[in-house]
Amino acid sequence: MDATTRNPVTIERTSDREVRVTRTFNAPAHLVFEAWTKPELFSRWWVPKSMGMTLHALEMDARTGGSYRLDFGDGIDFVGSYLEVTPHTRIVWTNDEGGENSSVTTVTFEETDGTTLLVMSELFPTKEAFEAGSGAEQATHETFAQLDDLLAQLKA
Amino acid sequence: MVQYEQSNVDAAFAALADSTRRGVLEQLGRQEASISELAGRFNMTLTGMKKHVGVLEDAGLVTTEKVGRVRHCRIGAHRLEDVATWIERYQQLWDARFSALDDVLEELTLKEKSDGRNNKEPRHDRADVRS
Chain D
68 MDATTRNPVT IERTSDREVR VTRTFNAPAH LVFEAWTKPE LFSRWWVPKS MGMTLHALEM
128 DARTGGSYRL DFGDGIDFVG SYLEVTPHTR IVWTNDEGGE NSSVTTVTFE ETDGTTLLVM
188 SELFPTKEAF EAGSGAEQAT HETFAQLDDL LAQLKA
Chain E
173 MVQYEQSNVD AAFAALADST RRGVLEQLGR QEASISELAG RFNMTLTGMK KHVGVLEDAG
233 LVTTEKVGRV RHCRIGAHRL EDVATWIERY QQLWDARFSA LDDVLEELTL KEKSDGRNNK
293 EPRHDRADVR S
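These protein sequence lines are chains D and E, in that order. Note that the working numbering has the first sequence beginning at 68, numbered continuously upward. Note that the working numbering has the second sequence beginning at 173, numbered continuously upward.
These aren't lab readings, by the way, just hints derived from the structure by calculation. Ideal placement from N, C-alpha and C gives every residue a C-beta, glycine not left out. Please note that the accuracy of each hint is not assured.
Among the chain E residues that face chain D by a calculated CB cut under 10 angstroms, a handful are [said to hold, decoys possible]:
| no. | residue |
| --- | --- |
| 1 | F214 |
| 2 | M216 |
| 3 | A268 |
| 4 | T281 |
Result set (DSBU-like, lysine-lysine): computed pairs, CA atoms no more than 30 angstroms apart in a straight line [claimed, not checked]:
| no. | chain 1 | residue 1 | chain 2 | residue 2 |
| --- | --- | --- | --- | --- |
| 5 | D | K116 | D | K105 |
| 6 | E | K283 | D | K105 |
| 7 | E | K238 | E | K222 |
| 8 | D | K105 | E | K238 |
| 9 | E | K285 | D | K116 |
| 10 | E | K223 | E | K238 |
| 11 | D | K116 | E | K283 |
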């Protein structure tokens, strides 16, 4: 599939402490679910090259009550546990690296005619946690050269 | 750290959702311009550009000042960087992730189809033997 046929991503701030990402995939829900829950598949897309980070180790036990750990080296770990894993339908996990600002992510998969609508929401405990924690994963790493260029232009 | 009012963040989201307005911001980042200069540059009517600039102004991303008959526009306060960074990075991250996920899914879909074809005959054979 080339870039021109990619389905668009919609990002909405649905409340003062929640952001929602919506995207359709041209594959049935059981395959999308597999790509989110099997470490060997998950590691192939969760850390795109443009993120500028390398996944050193990945542990994931994608079952209700299981836990995960993404190790990016240099002491940067993303950890949490799965609150709910319902095959082909719904995954809910905690993002515990943020301490008291930690968010809960819910992903749902809805299949229609062989395509899957994915809705992912990230809910923070408070508005302040949202402001502090949202985008933190990205903001801590100067990885998006393109945006940096734009910002440099805006500031100039 | 600067805290934003919810309405401002919403307004900034809406303001940045439009490619013309992002272009205007980029343009104003290089140099100040009047509304008529911006309208000319983006090949728009004066009224159309006024609306875009109004949205950017409401979101606090642009400030305007009327000098004589000309309204000058410039990049708004410092908060632009924070808001733009957050939204753009979030969008870019998920665009990149989901593009990579498309590739994984395409492969899984093809594999499932070919497995389905390859397994069809042997499965039937085994079933025939057992029955």
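Hint by hint, here is what the structure shows:
no.	hint	verdict
1	F214	violated, 17 angstroms
2	M216	violated, 21 angstroms
3	A268	holds, 4 angstroms
4	T281	holds, 5 angstroms
5	K116/D / K105/D	holds, 20 angstroms
6	K283/E / K105/D	holds, 16 angstroms
7	K238/E / K222/E	holds, 13 angstroms
8	K105/D / K238/E	violated, 59 angstroms
9	K285/E / K116/D	holds, 29 angstroms
10	K223/E / K238/E	holds, 16 angstroms
11	K116/D / K283/E	holds, 24 angstroms
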